[in-house]
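As you go down the protein sequences, you meet chains A and B in turn. The opening residue of the first sequence carries number 14 in my numbering; numbering runs sequentially from there. The opening residue of the second sequence carries number 720 in my numbering; numbering runs sequentially from there.
Don't read these hints as lab results, they were simulated from the structure. Among the hints, erroneous ones may be present.
Stated by the list, open to error - Partial chain B-side listing against chain A, Cβ under 8 Å, derived:
#  : residue
1  : Glu-926
2  : Thr-938
3  : Ser-941
4  : Thr-982
5  : Ala-999
6  : Ile-1001
7  : Asp-1002
8  : Leu-1005
9  : Asp-1015
10 : Gly-1017
Note that beta-carbon positions come from the ideal geometry of N, C-alpha and C, so glycine has one too.
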Amino acid sequence: MGSTDSHSRTDALLRVTLGTAAAISVVAVLSIFAFLVYFSLPVFSAEGARQVLSWDWQPLQGSFGILPMVVGSLVLATFAVALAFPAAVLVCAFAYGVGPARLARPVMAVINLMTGIPTIVYAFVAVMTIPPLLRDIFEQGSGFALLGAAVTLAVLVLPTIVLVIDSNWRGLAPRTSEACASLGMSPVQHVFGVLVPVSGSALLSALVLGFGRALGDTMIALMLTGNAPLLPTSALGSIRALTAHIGMVMATAVGGPAHQSVFASGLILLLVTGTISALVRRSVRLEA
Amino acid sequence: MMSARFSTRSLALLMTLLLAVGLLGVAGCSSADEDSATEETPAADTAAEATAFDAFAELEGDLDIAGGTAHIPVMEAAAADIMTSNDAILITVAGGGSGVGVEQVGEGLVEIGNAGRALKDEEVEFYPNLVSFAFAVDGVAAVVHPDNPVTELSAEQMQAIFAGEITDWADLGGDAGEIHLFTRDEASGTRDVFWSKALAEGDIAVEANVVASNGAMKTAVSGDPQAIGYMGIGGIDDSVAGVTFDGVAPTQDNAKDGSYVVTRKLYMNTKGEPEGLTKAFIDFILGADGVSYIVDGGYIPIF
């Protein structure tokens, strides 16, 4: 009897603690959202929207448009994921039987290690190496360009994508590999004929998470894109990402349309990443 | 064949990692070198000015300083010596840029907010109590790669380059090649000065690359033989070359005698008239003892 009582007391305590933790997280996210909406409100007046949701950023001439940065961010993140996703699938294939078994663990260990490298380190290494390289290869532009930032971001998001795929395959592979081996299928056929097709929603989750990470990164975009507020026209051209825009304009004088554009940028980023995580949840639920 | 390709990939990843770790090590070493270099200067100053800290002897408490990045070397060296003279005083020096300095002192978050420019009208309107103390003059110069044969530009050429009208170094007597423009963000005091005094408030091409600090400017221009940008004269070293502007070389001497015109004042701002430790610090920087710190920082004292 006594032990049941103490069990239910522990349970109740646990429920309260966990409930509080959950409530704090939810309240934090909601209040960030409310804060951003409140400060972006002036933007949604007719005049504010005309200023901020336009295609020209030249504050000294009175143009405060952030649409080039919205497009720049989306193109940059898409480019980075387009490079990282196929590479990540190949890394996983390597670790799940296509490569030599004794290398599978070391490769995954390195990938795991990569997740812990701060983005500023990638940005720092890349800013010293990539722009001169791009100038030498293409002999066009300053080297601070969409391409260099996308390649660096691809390295940043690769481990995220690999680890999501890995966590899914870890449960699947032991069951499917024996069945496939007994049917006489090669490891390559196992991975690309069975694992990849059956884990479609996990691959989608991995892709979308990688996209979100690439979109939200600030330092790599700030240090490598060149930050010219232009629409992307070529992989060797300069662009400005929304995150880098916030970082640079934060320091300008309080009040006024330049400052408002920061809040509008933040709100747009939050909406896009919110939509992304909603998509991930949906795809995971479909799988279950 | 497949597995060969994959092991190349994993090798490439490993190389990236090793490169990152290696560079971290290099960064660690070089910052340690900087530390030991900055420690020497205050020690020499302390010996020369053994009685300069009397004003601080009876004081205690915290003093927080933030804002313009050009100010940092002067503020840090002075703060270090003052704190050495009196353990009861704690002075912190942070950057952030001129806009941040004004905002933080206006909001009461720091006692002194530094700005590399005078207060703007909207800032005075927002924070009417701010008091400004100018203490030094800094020149701003266009900079190019040391290998660039173009070492001299007229005001008209400078304006045409930054407006994007002249786009090839051959048009300026240099080696043929596209001009790579670098500019600063709109919050930069350095940009304000260069734009109003060297570019006569003319256009800066929207295609220009934008960097967020004097240091990032130096990194970008020193690595690219076709680049042109601008930065505070105090920060120029062998890795970049200052461009002679309208026949006058960008040196602190020319800035001091007024022949080099692209200059600005560096300001400390307080909320209301300063008191106590804040007043003592400002008096120290503005007084005879402040001169050596201002000169060591690469700037010209005012008076």
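**OP:** May I ask which of the numbered hints given earlier this structure violates, with the numbers listed in increasing order?
**Re:** Those not satisfied are hints 3, 4, 5, 6, 7, 8, 9, 10.
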